[in-house]
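Number of protein chains: 2
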Amino acid sequence: MTTVKRAKRSSDYPMLSIREAWLRVSSALEPLPPVRKPLVGAAGLVLAEDIIAKDSMPPFAAASMDGYAVISSDPSLEKSITGEQDAGVKLDLSVEPGTAVRIMTGAPLPTGADAVVPFEETGENEGVVHLKVIPKPGGNVRPVGLDMAAGETVLPKGLVLGPAEIGLLAALGQFQVWVHPRPRISIMSTGNELVAADETLRPGQIRDSNSLTLSVAAAACGFEVTAASCPVRDDSGKLELALVEALNNSDAVITSGGVSMGKLDLVKPLLAKLGEVLIGRVAMKPGRPFTFAMLQGKPVFGLPGFPVSSLVCFEQFVRPALRLMSGLNLLWRPCVEVSLAENLRHDPDRTEFQRAVVKADHDGFIAYSTGSQSSGRLKSLVGANALLILPIGTGDAPVGSRVKAFLIDQPETEEELPISH
Amino acid sequence: MTTVKRAKRSSDYPMLSIREAWLRVSSALEPLPPVRKPLVGAAGLVLAEDIIAKDSMPPFAAASMDGYAVISSDPSLEKSITGEQDAGVKLDLSVEPGTAVRIMTGAPLPTGADAVVPFEETGENEGVVHLKVIPKPGGNVRPVGLDMAAGETVLPKGLVLGPAEIGLLAALGQFQVWVHPRPRISIMSTGNELVAADETLRPGQIRDSNSLTLSVAAAACGFEVTAASCPVRDDSGKLELALVEALNNSDAVITSGGVSMGKLDLVKPLLAKLGEVLIGRVAMKPGRPFTFAMLQGKPVFGLPGFPVSSLVCFEQFVRPALRLMSGLNLLWRPCVEVSLAENLRHDPDRTEFQRAVVKADHDGFIAYSTGSQSSGRLKSLVGANALLILPIGTGDAPVGSRVKAFLIDQPETEEELPISH
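Protein chains in written order, with my numbering: chain U, 1 to 421; chain V, 1 to 421.
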């Protein structure tokens with residue numbers, strides 16, 4: 001008790017608008033360099049090359065129904081059957097005027113044939129088939145190159161590889177693709193009061209929930225969490241060691257805690273020592289102490305320690321930043337206008353993200369608050385599917401007023417099949 | 001060539017409406033029985049029990065800023081400092097009228113204190129602190145039970161465990177939860193013309209893309225794909241062996257191919273032999289031969305072999321069915337009204353799902369077709385984020401008309417931060 005410890009009285013960092021803060025984040029980052037990946041591991045990633053079809057698809061004209069392969073311009077309705085073509089092989093068969101080949105779905109068309117007459121529209125007797133209809137040219141035939149022609153650009157650079165795109169690459173026999181990789185993320189909680197969530201609590205301690213919360217959030221967004229460490233104590237040396245190790249093992253680091261202005265808020269000074277702090281304060285609630293720095297060319301996101309603050313900052317800055325690094329074009333959650341089901345308190349000094357449950361009905365979206373919006377109250381996020389945006393400079397929002405909202409999950413609906421037929 | 005092989009002339013199965021088909025699927029299924037899972041593996045799953053808080057959270061009253069712990073009703077503005085309380089321990093300190101304890105963010109409040117005055121609003125000199133403000137009761141203190149009280153139901157049965165819910169369980173020290181498990185899915189393609197996607201094509205053969213497409217689709221929806229086998233030949237014995245093995249290894253089986261009315265369409269008869277076929281035809285395009293059967297109490301989804309047909313049936317029937325088995329309440333993709341950017345051809349004999357790219361603008365959603373809607377054209381699904389619903393009984397849909405659409409991915413937007421402040 002001989003030295004007088006004091007907290008710094010004010011922040012060195014300017015208070016940024018959300019927009020200015022995002023501009024600083026997005027200007028500092030770019031998509032991760034492309035890597036060549038096996039197709040099986042490429043689902044959800046962004047293509048970093050144009051894909052050109054090497055072959056036409058389908059590679060041969062094929063029957064799309066069981067029936068008889070014929071020449072459509074041949075006017076005879078009775079034809080001798082000269083053979084049978086199953087799927088999966090190519091027999092040396094041909095069709096000439098007056099003849100037909102029995103053919104199965106998926107089988108290659110015999111030479112000369114240009115149409116298939118389905119069994120249902122024929123009668124067969126003693127090696128002769130009687131057509132009940134005159135076939136159209138190309139009838140019941142999937143032509144060569146229906147899906148794509150050799151040499152065509154079938155998937156452009158920048159496309160996200162979903163089920164259809166992966167299937168198309170498999171069909172083309174393209175099993176390695178250049179893609180932007182998933183960012184690898186390290187996550188570390190800081191704070192002397194924290195213990196790993198599975199340890200026994202002693203008086204004055206609380207369990208670290210942020211590492212797991214942020215890991216689950218990052219994984220749900222498709223990023224790869226390489227390490228979510230035990231909580232790090234508020235000690236400059238230990239923090240620096242942990243941070244440097246995290247940087248070595250990942251493309252981005254997320255910390256939580258230690259970014260306010262208290263005596264033991266050591267994250268900002270450490271980031272300033274090791275790199276460049278681009279954001280130190282943002283005019284948002286929760287999340288005012290949000291910190292962003294670049295170290296060794298990699299982003300470090302310093303999130304506040306309160307669970308709600310850290311998750312809101314994750315949504316507002318980390319998720320879009322990591323999507324940018326993934327090469328994605330759509331960085332933001334869907335943003336919709338909602339009607340308030342109740343009065344919301346809001347201080348006009350900061351933009352506030354209030355947690356809510358949004359329901360869809362015939363007239364649009366209605367938002368129900370999740371209750372007390374204290375940033376220490378993790379329960380305010382339980383079941384929430386939206387973050388309501390109450391802008392800086394506006395006050396309380398009355399019931400019935402319309403505000404913008406980010407949908408962080410699917411809106412609730414009166415669940416029934418939307419098709420009545 | 002001595003026997004005359006003929007396809008069956010018509011189907012034994014009635015043509016069902018989409019609604020009737022879904023009723024048959026949903027009536028046959030129920031959520032998988034709950035299992036006890038470690039928290040780390042429970043993200044995305046549905047809670048099968050109410051979670052009651054064993055302890056209050058936070059478990060102790062704590063400072064939410066660095067400052068001095070005081071008694072708010074004590075009128076003296078000068079107080080002797082009797083100690084210092086850091087976070088993470090609980091010292092044997094108490095505050096009485098005329099005294100204060102220096103305290104750090106997150107630290108437990110000393111006995112007697114009910115408010116914290118931040119450093120910024122004080123001056124300290126020679127062991128005495130001078131308050132510049134009179135604190136409010138509870139000021140800068142997170143009270144016991146702010147987030148939840150012991151005995152309270154904090155997460156109800158049926159809730160999906162997202163980041164916040166997982167974090168809350170971790171904070172409570174609840175590391176095992178009863179949840180509905182992810183359905184385990186086996187996927188098998190059938191067809192003599194198919195070869196495993198990494199084999200060399202011989203004339204008449206095509207690569208099996210459906211196994212991979214459906215695996216990626218199922219995994220993206222959070223289901224667990226236990227087996228995606230090599231393509232199975234159109235041979236009753238081989239099909240039966242593969243199907244029985246798939247049933248033994250999973251909660252649901254998806255087949256593709258072999259459900260039309262051709263000579264080698266063996267899946268329906270096999271399912272009828274081994275179990276009960278509840279759906280054999282549906283009035284939809286693509287996907288008319290969609291087949292659904294229950295075998296050994298497990299669902300088998302018989303999808304058509306054309307890649308687009310199989311993926312549309314997956315979206316329309318398999319995904320909602322597997323979500324039902326997961327215990328989820330929201331089974332359907334978001335369904336919105338869109339404006340057509342071009343004329344669409346549509347035959348009124350069936351409900352058609354046309355693939356489209358939907359863009360969001362200020363007036364709502366606009367849908368752009370992906371081109372030729374042939375069910376053999378996988379490219380019609382490339383980049384698509386919506387399935388337009390063109391109902392049975394209606395004809396061509398002109399540009400500008402409004403139709404319903406399932407959003408299978410996020411609508412495209414003119415991408416910019418939706419917050420201007």
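Source of the hints: derived by calculation from the structure; they are not laboratory data. Note that the structure is a prediction, hence the values are computed from the model and not measured. Be a bit skeptical, because a hint or two may be false.
Stated by the list, open to error - Computed list of lysine-lysine pairs in PhoX-like fashion (alpha-carbon distance at most 20 Å, straight line):
| no. | chain 1 | residue 1 | chain 2 | residue 2 |
| --- | --- | --- | --- | --- |
| 1 | V | 273 | V | 285 |
| 2 | V | 359 | U | 404 |
| 3 | V | 273 | V | 238 |
| 4 | U | 285 | U | 359 |
| 5 | U | 285 | U | 238 |
| 6 | V | 132 | V | 157 |
| 7 | U | 359 | V | 263 |
| 8 | V | 298 | V | 359 |
| 9 | U | 263 | V | 404 |
| 10 | U | 37 | U | 157 |
| 11 | U | 90 | V | 263 |
| 12 | U | 136 | U | 157 |
What the hints assert, rightly or not - Just a sample of chain U residues kept apart from chain V, beta carbon distances all over 12 Å, derived:
| no. | residue |
| --- | --- |
| 13 | 12 |
| 14 | 31 |
| 15 | 42 |
| 16 | 44 |
| 17 | 57 |
| 18 | 60 |
| 19 | 152 |
| 20 | 178 |
| 21 | 208 |
| 22 | 216 |
| 23 | 249 |
| 24 | 269 |
| 25 | 345 |
| 26 | 347 |
| 27 | 355 |
Each residue gets a CB set at the ideal place from its N, CA and C atoms; glycine is no exception.
The hints, checked one at a time:
1. 273(V) <-> 285(V): Roughly 27 Å between the alpha carbons, so the hint for residue 273(V) and residue 285(V) is violated.
2. 359(V) <-> 404(U): With a Cα-Cα distance of about 18 Å, the restraint between residue 359(V) and residue 404(U) holds, given a limit of 20 Å.
3. 273(V) <-> 238(V): 15 Å, holds
4. 285(U) <-> 359(U): 24 Å, violated
5. 285(U) <-> 238(U): 30 Å, violated
6. 132(V) <-> 157(V): Distance ~49 Å between residue 132(V) and residue 157(V) Cα, so the pair is violated.
7. 359(U) <-> 263(V): Violated - the C-alpha atoms of residue 263(V) and residue 359(U) are around 50 Å apart, more than 20 Å.
8. 298(V) <-> 359(V): Cα-Cα ~39 Å, so violated.
9. 263(U) <-> 404(V): Violated, because 57 Å separates the two Cα atoms, which is more than 20 Å.
10. 37(U) <-> 157(U): 15 Å, holds
11. 90(U) <-> 263(V): Distance ~18 Å between residue 90(U) and residue 263(V) Cα, so the pair holds.
12. 136(U) <-> 157(U): Violated: residue 136(U) and residue 157(U) sit about 39 Å apart, past 20 Å.
13. 12: Fine: 15 Å to the nearest Cβ keeps residue 12(U) off the interface.
14. 31: 14 Å, holds
15. 42: Incorrect as stated: the minimum Cβ-Cβ distance to chain V is 9 Å, not above 12 Å.
16. 44: Nearest chain V Cβ is 7 Å from residue 44(U), so the label is violated.
17. 57: Nearest chain V Cβ is 8 Å from residue 57(U), so the label is violated.
18. 60: 7 Å, violated
19. 152: 9 Å, violated
20. 178: Given that every Cβ of chain V is farther than 12 Å from that of residue 178(U), nearest at about 17 Å, it holds.
21. 208: Residue 208(U) is in fact no farther than 12 Å from some Cβ atom of chain V, at 8 Å.
22. 216: Answer for residue 216(U): violated, closest chain V Cβ roughly 4 Å.
23. 249: With a cut-off of 12 Å, residue 249(U) remains clear of chain V, as the shortest Cβ separation is near 19 Å.
24. 269: It holds; residue 269(U) is separated from chain V by about 15 Å at its closest Cβ, greater than 12 Å.
25. 345: Fine: 17 Å to the nearest Cβ keeps residue 345(U) off the interface.
26. 347: Non-interface label stands for residue 347(U): nearest chain V Cβ at 14 Å, farther than 12 Å.
27. 355: 9 Å, violated
Hints 1, 4, 5, 6, 7, 8, 9, 12, 15, 16, 17, 18, 19, 21, 22 and 27 from the list above are not met by this structure, while the remaining hints are.
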